[in-house]
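Asks: So the chains spell out like this:
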Amino acid sequence: MSAVAAPQASGYNFAYLDEQTKRMIRRAILKGIAIPGYQVPFASREMPMPYGWGTGGVQVTAAIIGPDDVLKVIDQGSDDTTNAVSIRKFFAKTAGVATTTETKAATIIQTRHRIPERTLTEKQTIVYQVPIPEPLRFLEPRETETRKLHALADYGLMHVKLYEDIARHGHIATTYDYPVEVADRYVMNPSPTPKFDNPKMHMSEALQLFGAGREKRIYAVPPFTKVRSLDFEDHPFEVQKFDKPCALCAATNVYLDEVVLDDRGGRMFVCSDSDHCEERRAEGHRGELSGEAA
Amino acid sequence: MSAPVITAGFADPVIAAQAHFHALMDALARPGSIHDFPAALDAPAPLTPELAATALTLVDHEVTLWLDAPLAASKAVVDYLRFHTGARIVADPAEAAFALVSDVAAMPALAEFGQGSDEYPDRSTTIVVAVEALAADGSLQLAGPGIRDRARIGIASWPAGLTAEIAANGAQFPRGVDLVFTASGQVAALPRTTRVSEV
Amino acid sequence: MYVAVKGGEEAIDNAHGLLAHERRGPVSIPDLSPDQIENQLALAVDRVMAEGSLYDPALAALAIKQARGDLIEAIFLVRAFRTTLPRFGNAEPVETGAMAIERRISATFKDLPGGQVLGPTFDYTHRLIDFLLAAGVTPPAPAEVTTEQEASPRVTDLLDGEGLIEQELRDDGAEVGDLTRAPLDFPADRDLRLQALARGDEGFLLALGYSTQRGYGRTHPFVGEIRFGEVMAEFVPEELGFAVPLGTVSLTECQMVNQFHGSAELPPQFTRGYGLVFGQSERKAMSMSLVDRALRTREFGEDVVAPAQDEEFVLSHCDNVQATGFVEHLKLPHYVDFQAELGLVRQMRAEYMARQQELKEAAE
Numbered sequence: 001m002s003a004v005a006a007p008q009a010s011g012y013n014f015a016y017l018d019e020q021t022k023r024m025i026r027r028a029i030l031k032g033i034a035i036p037g038y039q040v041p042f043a044s045r046e047m048p049m050p051y052g053w054g055t056g057g058v059q060v061t062a063a064i065i066g067p068d069d070v071l072k073v074i075d076q077g078s079d080d081t082t083n084a085v086s087i088r089k090f091f092a093k094t095a096g097v098a099t100t101t102e103t104k105a106a107t108i109i110q111t112r113h114r115i116p117e118r119t120l121t122e123k124q125t126i127v128y129q130v131p132i133p134e135p136l137r138f139l140e141p142r143e144t145e146t147r148k149l150h151a152l153a154d155y156g157l158m159h160v161k162l163y164e165d166i167a168r169h170g171h172i173a174t175t176y177d178y179p180v181e182v183a184d185r186y187v188m189n190p191s192p193t194p195k196f197d198n199p200k201m202h203m204s205e206a207l208q209l210f211g212a213g214r215e216k217r218i219y220a221v222p223p224f225t226k227v228r229s230l231d232f233e234d235h236p237f238e239v240q241k242f243d244k245p246c247a248l249c250a251a252t253n254v255y256l257d258e259v260v261l262d263d264r265g266g267r268m269f270v271c272s273d274s275d276h277c278e279e280r281r282a283e284g285h286r287g288e289l290s291g292e293a294a
Numbered sequence: 001m002s003a004p005v006i007t008a009g010f011a012d013p014v015i016a017a018q019a020h021f022h023a024l025m026d027a028l029a030r031p032g033s034i035h036d037f038p039a040a041l042d043a044p045a046p047l048t049p050e051l052a053a054t055a056l057t058l059v060d061h062e063v064t065l066w067l068d069a070p071l072a073a074s075k076a077v078v079d080y081l082r083f084h085t086g087a088r089i090v091a092d093p094a095e096a097a098f099a100l101v102s103d104v105a106a107m108p109a110l111a112e113f114g115q116g117s118d119e120y121p122d123r124s125t126t127i128v129v130a131v132e133a134l135a136a137d138g139s140l141q142l143a144g145p146g147i148r149d150r151a152r153i154g155i156a157s158w159p160a161g162l163t164a165e166i167a168a169n170g171a172q173f174p175r176g177v178d179l180v181f182t183a184s185g186q187v188a189a190l191p192r193t194t195r196v197s198e199v
Numbered sequence: 001m002y003v004a005v006k007g008g009e010e011a012i013d014n015a016h017g018l019l020a021h022e023r024r025g026p027v028s029i030p031d032l033s034p035d036q037i038e039n040q041l042a043l044a045v046d047r048v049m050a051e052g053s054l055y056d057p058a059l060a061a062l063a064i065k066q067a068r069g070d071l072i073e074a075i076f077l078v079r080a081f082r083t084t085l086p087r088f089g090n091a092e093p094v095e096t097g098a099m100a101i102e103r104r105i106s107a108t109f110k111d112l113p114g115g116q117v118l119g120p121t122f123d124y125t126h127r128l129i130d131f132l133l134a135a136g137v138t139p140p141a142p143a144e145v146t147t148e149q150e151a152s153p154r155v156t157d158l159l160d161g162e163g164l165i166e167q168e169l170r171d172d173g174a175e176v177g178d179l180t181r182a183p184l185d186f187p188a189d190r191d192l193r194l195q196a197l198a199r200g201d202e203g204f205l206l207a208l209g210y211s212t213q214r215g216y217g218r219t220h221p222f223v224g225e226i227r228f229g230e231v232m233a234e235f236v237p238e239e240l241g242f243a244v245p246l247g248t249v250s251l252t253e254c255q256m257v258n259q260f261h262g263s264a265e266l267p268p269q270f271t272r273g274y275g276l277v278f279g280q281s282e283r284k285a286m287s288m289s290l291v292d293r294a295l296r297t298r299e300f301g302e303d304v305v306a307p308a309q310d311e312e313f314v315l316s317h318c319d320n321v322q323a324t325g326f327v328e329h330l331k332l333p334h335y336v337d338f339q340a341e342l343g344l345v346r347q348m349r350a351e352y353m354a355r356q357q358e359l360k361e362a363a364e
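Protein chains in written order, with the numbering used here: chain V, 1 to 294; chain B, 1 to 199; chain L, 1 to 364.
Pulled out of the complex, with its shape left as it was, chain V reads as follows (with noise of 0.2 angstroms):
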């Protein structure tokens, strides 16, 4: 029987992928930052997550990171949760690069689900992992169809779609992933952030780059690039309103999530964005729970 030669960790290249992968991910990247909401087709590797985990977005990153890069991870908005810490960890075992959870101290940003609270930069890129990046997936299943349908700029079932929530809810019901149309052109899926996010891709001065690597798509948004969130004039676009302040750092204006206190209907809205909440509260933001000592 052979021996089985494995791999030191260190055994592999610089943020894991080949340069060979790396090429090919980065001349994607180029394309889809001169065609911006298309969606470019690129060879995804099987990488060493599973899909629909962040293997996209790790692809991206690896292929655009460098030894000065500063990381920061995030799922939900927060850097502590599990695939964050685990992604996180996956770069500073294989590209040694330094990792932050500081939105501000951070070059690239990866993220599920969230855009940080802190507007971005211009010296930062931000990397959205994508589960789903076709928008008109859910009404045509056939990527043959649905390629056509870009072709021709034909979004009128995206219309449809929304026209009929309209017409049965009195509003749009999509509250998250919720379709752009990008530089006038192409309409996107901005990956399953909150609605509440969506303002924050239009005229963004950071570069972002979205990759779904289970469906084998890289597609970008340049900065200072036009993203509208599709509407209709009698039912304008609105983001989540929420009645409450942050209970930790009184943030208003901020994504909040929802914490269940007990059995009993007890529950209180605390900041999406950890490290936006943390900020506030050093600066001395207090909160009706968070307690003087914290």
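Derived from the structure by calculation, the hints contain no laboratory data. As the structure is a prediction and not an experimental result, all values here were calculated from the model. Worth double-checking, as some hints may not be accurate.
Claimed, not checked - Cross-link-like lysine-lysine pairs, in silico, DSBU-like; alpha carbons within 35 angstroms at most:
hint, chain 1, residue 1, chain 2, residue 2
1, V, Lys244, V, Lys226
2, V, Lys89, L, Lys110
3, V, Lys244, L, Lys331
4, L, Lys331, V, Lys89
To be verified - Computed footprint of chain B on chain V; a stretch qualifies when at least three of its residues, placed anywhere within it, have a C-beta under 8 angstroms from a C-beta of chain B:
hint, segment
5, 29-42
6, 139-151
What the hints assert, rightly or not - Some chain L residues judged to face chain V by a derived CB distance under 10 angstroms, without partners named:
hint, residue
7, Phe222
8, Ser316
9, Val327
10, Leu330
11, Phe338
12, Gly343
Quick reminder that beta carbons are idealized off the backbone N, C-alpha and C, glycines included.
Starting from the structure of chain V, add chains B and L where the hints point.
Replies: Just chains B and L, lined up with the frame of chain V:
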């Protein structure tokens, strides 16, 4: 007769490729902005170190490469690129994923390069052009994605008629070519989305 | 006072520590060696190699041990390892006609050159639990073959001689695709379809193949032949220009022969469905060949009416590493999206209640 020697590629291929890619990515994401491109390569003339660095960063055996006449005429250039990239060199610019242009004055019309299709607009040529100089605040005014309001760049020498060709290229969006310009130690880009006017 | 959940890193490390502990089990029981897995759970090893698409029995055995016997997890481990391997080039097509046969059966001919060779098979065993195995008995030596192996031409080649079966396309010189190196687009050619099926989940293909037998895209199949044995893998290094042997691999090949009534362009003839997998897996090879034939529906001018005939459906969903990843990703936190949905459902309920109230008041 001695065998020609192929000069070296990047001293540290992993780090150098990342640094050059990062400059290219920034250049395309922010059209007209000029980025350091410290291409320390001993490439055979007329292949400039910056053209060589772009090729080594992005090109390999999985893609096609077109060379303009002065580059294609040099066996040293062809050997260098074949050795370091393994790219399939094609004669028809329409088939090229990447094109290297050493003589901007004699560059074929943009329409002769690969334009991609409406369904796969990414299957178009990225044209990498060596120019004499890049300057911030030059005579070209730029607008489009990646640009806050307006941007300015100077590209020497800017061929007569290229502005009109870029307008025609942009008019067929999402199809179209993307342009990367390199000068000594610098890179800038005009993706297909950028509108260019001369002021 | 509320404190946000912290310490994810430590929790993960602890979970992995516990996993390693559970994997080993009680230390009073001897540790299982990859050698034992490779040799005594050989069919599990074969499946992991086939769907992991990497021929390395020792590695597959180790992956099975690491995965605690979860074969899809083991396949995933092998795939992730495979990605990192450098590629030197493509092997030459293997000649299954020259296979050193361990098993070979045909359901279409009673006897044929090379004969029927039963080999190691569960077929005709009575599925009675063998309690003697628990005691670890050594079985008697198997019967030895005393004659030289006769040449065993493929059944489909025998039919081909009579022109009764569609001609297998000869090498058209086109490069063979590789869906692990280039993104799949549709319609996909048969090379890519077969690659996807060879890597595809055995259970998924089994169910699809079964569905064609029950009328969801019926293909009138006969097992022309199933053969299992070793073939030589060869490689032509560019600097040598001739093939050099790399070693032998065990393969199962299934050629399904399907009745076809003909169309405007094609005369009535038999058509083919093809299955080829690493190791011994007749179930997988047969399922693959049923689905391969079903996916050729359009080629024969038939209508796509059943799931097994739908290329985009089959190829997009046959990969168990993709499927398990996406199904299992639902256990990742989704509380941001759920919060958004909570808000919406509360709003819509309030609107509904208000409408009901209005109706009630109007009625009164």
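Asks: If a hint holds in the structure, say so; if it doesn't, say that too.
Replies: To see whether the hints hold, each was checked on the structure:
1. Lys244/V to Lys226/V: holds, 31 angstroms
2. Lys89/V to Lys110/L: violated, 61 angstroms
3. Lys244/V to Lys331/L: Answer holds: Lys244/V to Lys331/L is near 29 angstroms, not above 35 angstroms.
4. Lys331/L to Lys89/V: holds, 20 angstroms
5. 29-42: holds (count 11)
6. 139-151: holds (count 4)
7. Phe222: violated, 33 angstroms
8. Ser316: holds, 8 angstroms
9. Val327: Since the shortest Cβ distance to chain V is 8 angstroms, the answer is holds.
10. Leu330: holds, 8 angstroms
11. Phe338: Constraint on Phe338/L satisfied, holds at 9 angstroms.
12. Gly343: holds, 6 angstroms
Violation of the numbered hints given earlier is confined to hints 2, 7; the remaining hints are satisfied by the structure.
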